[in-house]
Amino acid sequence: MSPTDPLAPAPLDAPIEAPLLVARGIRKSFGDVEVLKSIDLTVPRGNVVALIGPSGSGKTTVLRSLNGLEVPEAGTVEFAGGDTVDFAERPTKRQLASLRDRSAMVFQQFNLFPHRTVLENVIEGPVQVQKRPKAEATADARALLERVGLGAKADAYPFELSGGQQQRVGIVRALALKPQLLLFDEPTSALDPELVGDVLDVIRELATEGWTMVLVTHELTFASHVADTIVFMDGGVVVESGPPSDVLQNPREPRTKQFLHRLLDR
Amino acid sequence: MNESLWDLLLRSFLPIVGGAVTGTIPLALLSFALGLVIALGIALMRLSRVRVVSGIARVYISIIRGTPLLVQLFVIFYGLPSIGVLVDPWPSAIIAFSLNVGGYAAEVIRAAILSVPKGQWEAGYTIGMSRGQTLVRVILPQAARVSVPPLSNTFISLVKDTSLASLILVTELFRQAQEIAAFSQEFMALYIEAAVVYWVICLVLSSAQSVLEKRLDRYVAH
Numbered sequence: 001m002s003p004t005d006p007l008a009p010a011p012l013d014a015p016i017e018a019p020l021l022v023a024r025g026i027r028k029s030f031g032d033v034e035v036l037k038s039i040d041l042t043v044p045r046g047n048v049v050a051l052i053g054p055s056g057s058g059k060t061t062v063l064r065s066l067n068g069l070e071v072p073e074a075g076t077v078e079f080a081g082g083d084t085v086d087f088a089e090r091p092t093k094r095q096l097a098s099l100r101d102r103s104a105m106v107f108q109q110f111n112l113f114p115h116r117t118v119l120e121n122v123i124e125g126p127v128q129v130q131k132r133p134k135a136e137a138t139a140d141a142r143a144l145l146e147r148v149g150l151g152a153k154a155d156a157y158p159f160e161l162s163g164g165q166q167q168r169v170g171i172v173r174a175l176a177l178k179p180q181l182l183l184f185d186e187p188t189s190a191l192d193p194e195l196v197g198d199v200l201d202v203i204r205e206l207a208t209e210g211w212t213m214v215l216v217t218h219e220l221t222f223a224s225h226v227a228d229t230i231v232f233m234d235g236g237v238v239v240e241s242g243p244p245s246d247v248l249q250n251p252r253e254p255r256t257k258q259f260l261h262r263l264l265d266r
Numbered sequence: 267m268n269e270s271l272w273d274l275l276l277r278s279f280l281p282i283v284g285g286a287v288t289g290t291i292p293l294a295l296l297s298f299a300l301g302l303v304i305a306l307g308i309a310l311m312r313l314s315r316v317r318v319v320s321g322i323a324r325v326y327i328s329i330i331r332g333t334p335l336l337v338q339l340f341v342i343f344y345g346l347p348s349i350g351v352l353v354d355p356w357p358s359a360i361i362a363f364s365l366n367v368g369g370y371a372a373e374v375i376r377a378a379i380l381s382v383p384k385g386q387w388e389a390g391y392t393i394g395m396s397r398g399q400t401l402v403r404v405i406l407p408q409a410a411r412v413s414v415p416p417l418s419n420t421f422i423s424l425v426k427d428t429s430l431a432s433l434i435l436v437t438e439l440f441r442q443a444q445e446i447a448a449f450s451q452e453f454m455a456l457y458i459e460a461a462v463v464y465w466v467i468c469l470v471l472s473s474a475q476s477v478l479e480k481r482l483d484r485y486v487a488h
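Going line by line, the protein sequences match chains A and B. Numbered by the working numbering, the letters in the first sequence go through residues 1 to 266 in order. Numbered by the working numbering, the letters in the second sequence go through residues 267 to 488 in order.
Accuracy of the hints is not assured; some may be wrong.
Unchecked claim - Part of the chain A face toward chain B, derived, beta carbon under 8 Å:
{"#": "1", "residue": "A104"}
{"#": "2", "residue": "M105"}
{"#": "3", "residue": "P114"}
{"#": "4", "residue": "Q128"}
Stated by the list, open to error - Just a sample of chain B residues kept apart from chain A, beta carbon distances all over 10 Å, derived:
{"#": "5", "residue": "P281"}
{"#": "6", "residue": "V337"}
{"#": "7", "residue": "F340"}
{"#": "8", "residue": "G394"}
{"#": "9", "residue": "E479"}
Stated by the list, open to error - Only part of the chain A face toward chain B is listed, based on derived beta-carbon distances under 7 Å:
{"#": "10", "residue": "L69"}
{"#": "11", "residue": "R100"}
{"#": "12", "residue": "D101"}
{"#": "13", "residue": "F113"}
The set of hints was computed from the structure by calculation and includes no laboratory data. Glycine included, each C-beta is placed from N, C-alpha and C at the ideal position.
All chains, please: the whole structure from these sequences, using the hints.
So, in C-alpha cells, the structure goes:
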C-alpha cells in the first residue's frame with residue numbers, strides 16, 4: 001500500500017503499542033431507563049471490534065457515545081495521543097470536536113446530504129471543515145469513489161442511487177476525512193438483502209487494509225470473518241467479549257448462547 | 267362605457283403602474299428581505315434551549331400575529347412622534363412591514379428547520395461541522411425547499427398589504443389610484459383598475475414561485 005493511497009489509514013502520532021481508543025465506565029440513561037450500565041471498551045489500533053446483541057441492548061448507544069452524538073452521564077473516552085474526555089463533567093465543544101475529528105461515522109440510514117451531489121457529499125468535510133484545497137479533495141474523492149465502484153456516479157444526487165450505492169457513498173464520505181477510527185452503525189440493516197453484499201465487501205476490504213473500526217451489526221457471519229474482537233451486549237452491559245472463535249463458536253455465558261441459538265435457528 | 271372613461275383609464279394607467287414600480291414593488295421587496303432576516307433570527311431564538319431566549323421569540327410572534335398590521339403601522343407613524351420619535355413615511359412603512367413579515371415567516375422557517383431529519387444534523391456533526399456550519403450548509407438549504415410555498419404566500423400577502431401604506435402618505439399604487447379617483451370622481455373604474463394591476467403583479471409572483479419550486483426540487487425523487 002503506497003503512502004498516497006487515499007484508502008490508507010491516517011498516520012498515527014502515538015506509540016504503536018497503545019490501544020487507539022479506550023472507553024471506561026460509560027453510563028447512559030434515557031429518562032428512567034438505564035441503557036448503559038458502566039461499559040468498558042478497548043479498541044486496539046488496526047483492529048475491528050464488532051458490537052453484537054439483541055435490539056435494545058445498548059450497542060448503538062455505545063457507538064454514539066464514542067463520538068459524542070450521545071453524551072453519557074458518566075465515563076471517559078480516551079484516544080491515544082489525545083485528551084481524555086470525561087463525560088461526568090460536561091464535555092466542552094472543543095472536546096466533542098476532538099472526538100469527531102478523530103472518528104467518522106457510517107449511519108444505518110446513510111444520512112447523505114440530499115441537496116448535494118455524490119462528489120459534493122464526499123468533499124464537504126475535507127473542504128469545509130479540514131480546509132483542504134478543493135482540487136486535492138476532489139481528486140481524492142474521485143479515487144475513493146472509483147475504488148467502491150461509483151466513479152461514474154460522482155455527479156448524481158443521492159436519490160438517484162440504490163440503497164447499497166448510497167451506503168457506499170456514506171463509507172467514502174467517512175473515509176475522505178482520513179479518520180483514525182471508523183464507526184459503523186448497522187450499516188446494512190436498511191438495505192435490501194441483495195444489496196448487502198456490496199457494502200460488506202467494502203467493509204471487509206477496509207478491515208484487511210488495517211483500518212481501525214467499531215461496527216454495530218446483526219450480520220454475525222460477517223462479523224466472525226472480519227472482527228478481531230466480538231463484544232456481546234445485553235441489557236446495557238457487556239456480557240462477554242473476545243475473539244470470534246471464543247464468543248461466537250464457544251460462548252461461555254448462557255445469555256450469549258441463548259442469543260446465538262435464537263439467531264442460528266432461524 | 268363612454269369615450270371619456272376609457273380615456274381616463276388609459277391616462278391613469280401610467281401613474282398607477284408608476285406607483286407600483288416606485289412604491290409597491292420596492293416597498294414589498296425591501297420589507298420582505300429585511301423581514302426574512304428578522305424571521306430567521308426569531309426562528310432560531312424560538313428553537314433555542316434557553317428558556318428566556320425562546321420566550322422572547324414567542325412573545326414577539328404573539329404580538330405581531332395578535333395585532334392588526336394597520337395598527338402596527340399607525341403606532342410607528344402616528345404614535346411614535348408623540349414620544350418624540352419622528353419617522354418618515356417610507357421608513358415607517360418598511361419598519362412595520364418587515365417586523366410583520368418577521369413574525370409570520372418565523373413560524374414558517376421554524377417548522378421548515380424542524381422538518382429536516384435529525385440524522386442530517388448528526389451527519390454534519392460527524393464530519394466535524396459545528397452547529398452553525400451544519401445549520402447553514404446542511405439544514406437551511408433543505409429547509410428552504412420546504413418553506414418556499416408558505417413563504418410565497420407571505421410575500422403575496424405583503425404585496426397586497428403595502429396598500430395600507432397609502433394611509434401613512436406613501437405614494438404607491440393604491441394612493442395614486444385614490445388621488446385620480448378623488449379628482450375625477452370615477453371611483454369604480456379607478457379602484458378596479460388598481461385591483462387589476464395588483465392581480466397581475468401577484469400572477470407574476472405565482473409563476474415565479476413555481477419556477478423556484480422546480481429549481482429546488484431537482485434533488486428530490488419524483
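Which of the listed hints are broken here?
-> 8
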